[in-house]
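Model the full assembly from the supplied sequences, consistent with the hints where possible.
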Amino acid sequence: MRDLFQLERRALRVSNLIKQPNNPVLVVTDYIGPLQSGLSRREFIKTGVAVGLLSCLAGCKPSVPSAVKNTQQQTLTSTFTFTPFQAGLLSAVFLQLFPDDGDGPGASDINALGYLEWAMTDPQNIADGDTDFIIQGIGWLDELSREMVSKPYARASRDEQHQVLLKTSHSRQGENWMALLMYYLTEALLLDPIYGGNTDQVGWKWLQHQPGFPRPVPGKTYRDFE
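Using our numbering, the letters of the sequence shown correspond one by one to residues 22 to 247.
These are calculated hints, taken from the structure and not from any lab test. The structure presented is a predicted model; accordingly, all values stated were derived computationally and were not measured. There could be a bad hint or two in this list.
Simulated restraints on C-beta separations [to be verified]: (1) R167 x P232: 38 to 48 Å; (2) Q229 x K172: 37 to 47 Å; (3) G240 x L187: 39 to 49 Å.
Beta carbons: idealized from backbone N, C-alpha and C, even for Gly.
So, in structure tokens, the structure goes:
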């Protein structure tokens, strides 16, 4: 069984996304911090609400529009690398979604970009059209950034980047794109380091999580049994 921690298409962003009362959709707000009650990010993730959400939504992944799947041409490869422009923009987005704010690891600490590049070689992710959708979203976001703040997204200030993401989240495609990135970011935080994320088990240590046994080893990961 594929040992991935999966989120629904309305993925959870613990730093700047909260669920509104009587609204099943997670939306971006101007609220700063994981919860108004003052819980830290780690405390919030470890609450029964967060654990229940992750458990109930196991096996679900943000869906890619069918139009992207139908035109997706990526072939199976053992390696995948984003261009420097794409990597710079994605790194900036990841730091917005999971910042290095002193309350646990940031996106760079868990090697979110490196994990995403590894995940883009997964046959199922390729079949789902994830790579093309992510790359399309990079173009959309950068174009919007140039329109809003007259700068490429990666060169905008942190506050400007936040405002551009806020605008992006108001469209269905933008919301889906951010949810897909959050899905992979969460995998990078929680999966075994053998898959390229969770560097030095930093995500597990932050959450005080004890991994199950046996852990995957080279030659015996989920891909080896597909």
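Against the structure, the hints:
1. Remark: the range hint 38 to 48 Å for R167 to P232 is upheld by a beta-carbon distance near 43 Å.
2. Restraint check, Q229 to K172: a C-beta distance of roughly 40 Å satisfies the suggested window 37 to 47 Å.
3. Between G240 and L187, the C-beta spacing of about 44 Å keeps the proposed range 39 to 49 Å intact.
Violated hints for the displayed structure: none, as all numbered hints are satisfied.
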